[in-house]
Amino acid sequence: MDSAKRSADAATPSSTPSSTTPATTSSSASASSAAVNDPGHEGADNTSRKAITRLLWLIALVGGLAGLFVFGITRDPNRRDNIDSVLTGRPLPAFSMPLFDRYHENYGEVLEFTANSSTSTPTGQPMIINFWASWCGPCKDEAPVLERTHRRHGDDVLVLGVNTQDRNQDNARAFLSEYNLTFPNGIDENSRIGINYGIFGLPETFFVAADGTLLYKHAGAVTQAVIDEQLERMLPQ
Amino acid sequence: MDMSLSLSTLGTASLTLAMAVCVYAMVAGILGARRRDARLQTSARYAAVAVFMAMTTAVLTMQTALLTDDFSVQYVANTSRLASPTWVKVVTMWAALEGSILLWAWLASGYAALAAFVSPNNALRNWALVILNAVSAFFISVNALVANPFTLVPNPPLDGPGPNALLQNHWMMAVHPVLMYLGFVGLTVPFAFAMAALITKRPGSEWMQQTRAWSITGWGFLGIAKIAGGWWSYEVLGWGGYWAWDPVENVSFLPWLTATAFIHSVQVQERRRMLKAWNLLLIILTFALTILGTFIIRSGIVSSVHAFGDGPVGPYFLAFFLLITLGAFGLLAWRWDQVRDRGELDAIVSREGTFLLGNVLFLAMAFAVLLGTLFPLFVEAVSGDKVTVGAPFFNQVSLPIWLGLFALMGIGPLLPWRKANHQKLIHNLSWMVASAILAAVLAYIFGVRKVYPLWTVAFAAYNFASIALLLDAGVRPRMKATGRGFWPVLGQYAQESRRRFGSIIVHFSVIIMALGVAGSGGYRVDEQVRVDLGGTVALDGNYRLEVVDRFMEQTPARISAGVIVNVFNGNRQVATLRPRINAFGADQQPVPTPDVLYTAWQDIYLSVAGTVSPDQDFVVLRVVQSPLVAWIWVGAVIMGIGTVYCLLPKRRLVPEPARQTALAGS
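First to last, the sequence lines map onto chains A and B.
Here the first sequence stands for residues 340 to 576, numbered as in this note's numbering.
Here the second sequence stands for residues 156 to 821, numbered as in this note's numbering.
One chain only, chain B, in its complex shape:
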């Protein structure tokens, strides 16, 4: 037997060590809290860091195995390949189940370690760490017990099949899962502090003020991750769309919906000391839905086009989901009398009133999406019949809810807390409604005749007017008071009210994205054309395609065959697109790589449909023209900027020169 340390052994050992230390951290944390033993509590905090270090070793071991093509490690043998470029080998770590869990466990342990050292030392920290370590322990144990990526292959193959071709096809696949997990893991921190608040009977606002940055970070990552996934789908799958209401998409949408409700309703608790129980409920729900989603995706209980397959981890995730729902909701139910609100809503027409209504709408949408996703399973369990719930149901349910949310999004930030001044409300609303009507009429004249796109345009104008009114209300009094011009005052306002300004940026981005969805959803043209080489095709709006030639391309990792197409707008050539079909390795199904001309008003999207071969003098192309679809991607970037802006630390209020004098004086 070879006695040298193999990567397989090192990896398994790191996982086992991480698991053991993690369990120790939990036990030490619980004992430390019950006995009020500061030394045990400190030990638990250092143990959380040790878990992270052990997990980091495991991750580095996996990376070494992937980069050195060590096929004696099971995961490498199953999912990697000699010919893959280096970046693909790195991201292969999260291209399949075992590695994804490893990434998740690593990030979870990293957040636990970070929380152990940045959280203020108070009653909540200790229990929150116990919960965070428990969550890490679950994920590490999935790796250590049921899906060990480091299992030794006794007779290693010379090469492996490589990761799923669709994942090798686009760099976004390197980013999307990481963002997703950062979102999930980020939202685990407020969950852990919420549980700590319930356990220690301190259900005030402390837990959520301490985790505000974590919540917004997690929420931001989750939202960006969803859109990144949509963009990947658009760039890679060849159907020219980005969202299909597939079960896998739906279940990862659910925690985003409840998290969005949460980041709004915590503000009501912060200001009005209301909705305490509601906020606890939302954060528990968010975390539970994260685990439920992972269970649904990984167990394959609902048919989906996303091929994750029937993994061995399904029952394991189900057990964890049941444990969380029973444990966390059970504790909340037990403590209900202590967390229930005593205060009452003064008036529905107030900031908190709109936040509450918005919350109801977000939850209604989450419920409808969950129901639609699980309905086929339910019917089959009851009657044995097969049904499918498709996009029409989800669109019909969610579009009116979105419109309701847009209506609230415009008016909510303009209303004061407690009770609105009716005169002011009517003044603001009349500006906003007038803008909406004007925009809708203009859109109608320019040819927008479909109901939902018209409504979206109307609500977009309504919301832009709302943002203008908000800025006006923030800037005008300051201009009067200081006598300075608009721009310097706006800059100062933006720096002083970072949360307010950040939220305005995020709401603006939501409207931009809504317009993108309305345009591309309502007015997409999708056709399949057969073109002879050298031939041309006329498209909608002055565009024309000219098929120039075929081409072949070979890199060590793939063979591609494609078509060179010139795109003309009028008589001007605006782009040359090269859609192609790729084959990665011998055992995989070929996948298309569409090519897209991005423009502000509409995308021209080409995908090769059918074969490209030397003895064939025609090609079949799928041509999709999507108006405004680029607005979604731009909107996502703006949303990210707004989220970061919310999180930036407040500028010191003392002006720089004054501070320096003060320092010099001291």
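Here chain A stands alone, though its shape is the one from the complex:
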């Protein structure tokens, strides 16, 4: 038999120093610890010192990797995805966006944003532009936070919702009703605004100074803490 012949000649190359430990030849079952505690011959001290050095190197290497990975899993996942927008500090692209019916009475049918004009943002106030879709889970988490911000600071800050990449407007309307969002929300037709703003996931939120330049872009659901921090920068004390 082929395999029998092979394993027979495979057993011979114990040519090498495995024969220093007598246990090897007799037993397959010698426990690893036996060899560790009882190296046997002279020169063994030296050998085991070398082995310990090798183990220390290994532990240092694995420890370094472990440190890196522990850092990786313990950091805030929002921070991971928050890569600075290239638009930070620059005027944001202009857009004109049709609003959902429910906002027509208070805000008109179409909202115009032309960052380059002297009046900058539509109301001359700082803005929070939030990109969302009805199918997006984190968008549901942040909707109440945005609504609360609008109710508290609506006189000083324009909160604006941009519904993008939604399959149909009925879902979007249901979302608006469910969270009873009173700040203006509009439709990003053909995802034009989203593309111009360079969004790569939903939700994303843009904090805009009164002169129409981008202060900060946040990826992932915004929290009250993030909004408070940005409001401090946006509003004159």
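Among the clues, some could well be false.
[To be verified] What the simulated footprint calls covered on chain B by chain A, stretch by stretch (three residues with Cβ under 8 Å from a Cβ of chain A suffice, anywhere in the stretch; the number is not a length):
| id | stretch |
| --- | --- |
| 1 | 447 to 457 |
| 2 | 467 to 473 |
| 3 | 527 to 533 |
[Said to hold, decoys possible] Pair ranges (Cβ atoms, derived):
| id | chain 1 | residue 1 | chain 2 | residue 2 | range |
| --- | --- | --- | --- | --- | --- |
| 4 | B | Ala523 | A | Glu571 | 19 to 29 Å |
| 5 | B | Asn697 | A | Gly406 | 50 to 60 Å |
| 6 | A | Asp480 | B | Lys541 | 15 to 25 Å |
| 7 | B | Ala523 | A | Asn535 | 33 to 43 Å |
Worth flagging that the hints you see were computed from the coordinates, not collected in a lab.
Positions of the beta carbon are idealized from the N, C-alpha and C atoms, including for glycine.
Using the hints, position chain B against chain A.
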């Protein structure tokens, strides 16, 4: 309370039982080995089978829950949906984390059970089973402790959201994960025997000869799985590419690289009794990288376009990875003096010399890819800055290494072991280099002007010449000796040297795929066009598109809107393509389904970009023309054939009539 046996209870019970028996199998195996108690060892082997049976029950329970839409089972409620077709329900088992782990654990326990009964009875088997059971125990415990798919939902919903739309979109998603896990699990077996060899201090060649078939099978599945994933990406994602150097792709590429190095370097140990420690190192590295990859993917520590999310299993996999690296590499470090080579390389220009160089290149590539993947994390940890490492880095590093590998792949198999005859080497090399130059000049004349595609064409010709020389060297002496013709002798040669012939087939497929990558990577044309209905677009090379109409389609599971496009080559209509956009269920983002005209020389790939609606008399299409991309998929099939050919059992050397006489006589 309802006292009838629910699927949730049955599933959890099976997992718990599997876990308990698996721990028993480990303990019995260790005690059996230490006390040299044959009865305990046998008991451990039967326990491995019992684990597999308990896991099979768990898998069947999950399948029953999915197929009967039992939304009281958490996993079904989270990932399945009434309207899904039956095949989607079946494969939904591995569409999300908990179910994937269940599949992995099931396959791992299956391989352990198989190894318990097909491995020859020797000193290694017992410890190898302990390791295999330990690995199974880890995966089962992930299911049993942190990601139980069978958790009971107290108030079951009436319907679920269904699996991720991208996964419902193509049948390949049913196959790709299974192939991947078969690869990972297959390579666990040589790892387990390597550990057994270290534990029992028998670091000779026994462990790796016993696991040769497992290694090649695992390696084969892993390679095919990677390409299957690339094909899925090509068919589904709509950007017309198949590989993007995304972290998720990179980390599953790493074990393939080290496994490829491993299946080459074990041959050096087999023939020359060298590289013992190196082979142990490679197989441990392969297994460790498998677990590291799973950790990186499932913990979401590196930003990736693949949405696997931040699962609860991240820390758990990290702990397992650290345990493996410390335990396995630690044992190797401790035993180093016993496994270190005493022999030395006779000459670098020899078969083993090229294998060793190839190994160095494979490892260099693995290191570079790992470094590039983890670099952003490292920078952030040190300085807090955000950086991204993209395709340009990976291409720049890996393309020269690939060229080096192609150079070695051509010359290595032609060299003898130990030391090459220089005259013969120069004779062979001159044929190969002449072919390379000729091919490169021809390619240049026909318009290939980019550096890497030119090099690839040159190395392809060099390797084809090498294969011709190899076959010539195998066939010509036999023709002389027997006086028979070329084809019968080639057939006989192929049957007698299955490993050699199989490796020639695999190397041939690698060249085919390299040409496909060079063509599609170097000469892809990607454009976005807006076409009115009834309008036409002219493409590169005599092709023309005519947008005929829009269409809508509805099945219980999806609603699709698409475009009907006729493709013309000259004045001849060659195909009608129907790229579309699909919506699966209410809560999911719509996904495109591109449509592709596959041809030998270039693919025409259409994907709907933007919306298709009744009140709009134009469509926006993404048109990608990729030369030679089909060669990659064909190459993968050839690679699979070559791998299987390597594994086919040797034909009996006694000819059939002689055997029958012998039998009749006895």
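Evaluated hints:
1. Against chain A, the stretch 447 to 457 of chain B contributes 5 residues with a C-beta closer than 8 Å to a partner C-beta. That satisfies the three-residue criterion, and the hint holds.
2. For the stretch 467 to 473 of chain B, the assignment as covered by chain A holds, since 3 residues bring a beta-carbon within under 8 Å of that chain's beta-carbons and 3 suffice.
3. Coverage of the stretch 527 to 533 of chain B by chain A holds [criterion: at least 3 residues with CB-CB distance below 8 Å; count 3].
4. Judged by the Cβ atoms, the range 19 to 29 Å given for alanine 523 of chain B and glutamate 571 of chain A is violated: they are separated by roughly 44 Å.
5. The given range of 50 to 60 Å is respected by asparagine 697 of chain B and glycine 406 of chain A, whose C-beta atoms sit roughly 59 Å from each other.
6. Range check, aspartate 480 of chain A to lysine 541 of chain B: Cβ separation about 24 Å, and the 15 to 25 Å hint holds.
7. With their beta carbons about 36 Å apart, alanine 523 of chain B and asparagine 535 of chain A fall inside the hinted range of 33 to 43 Å.
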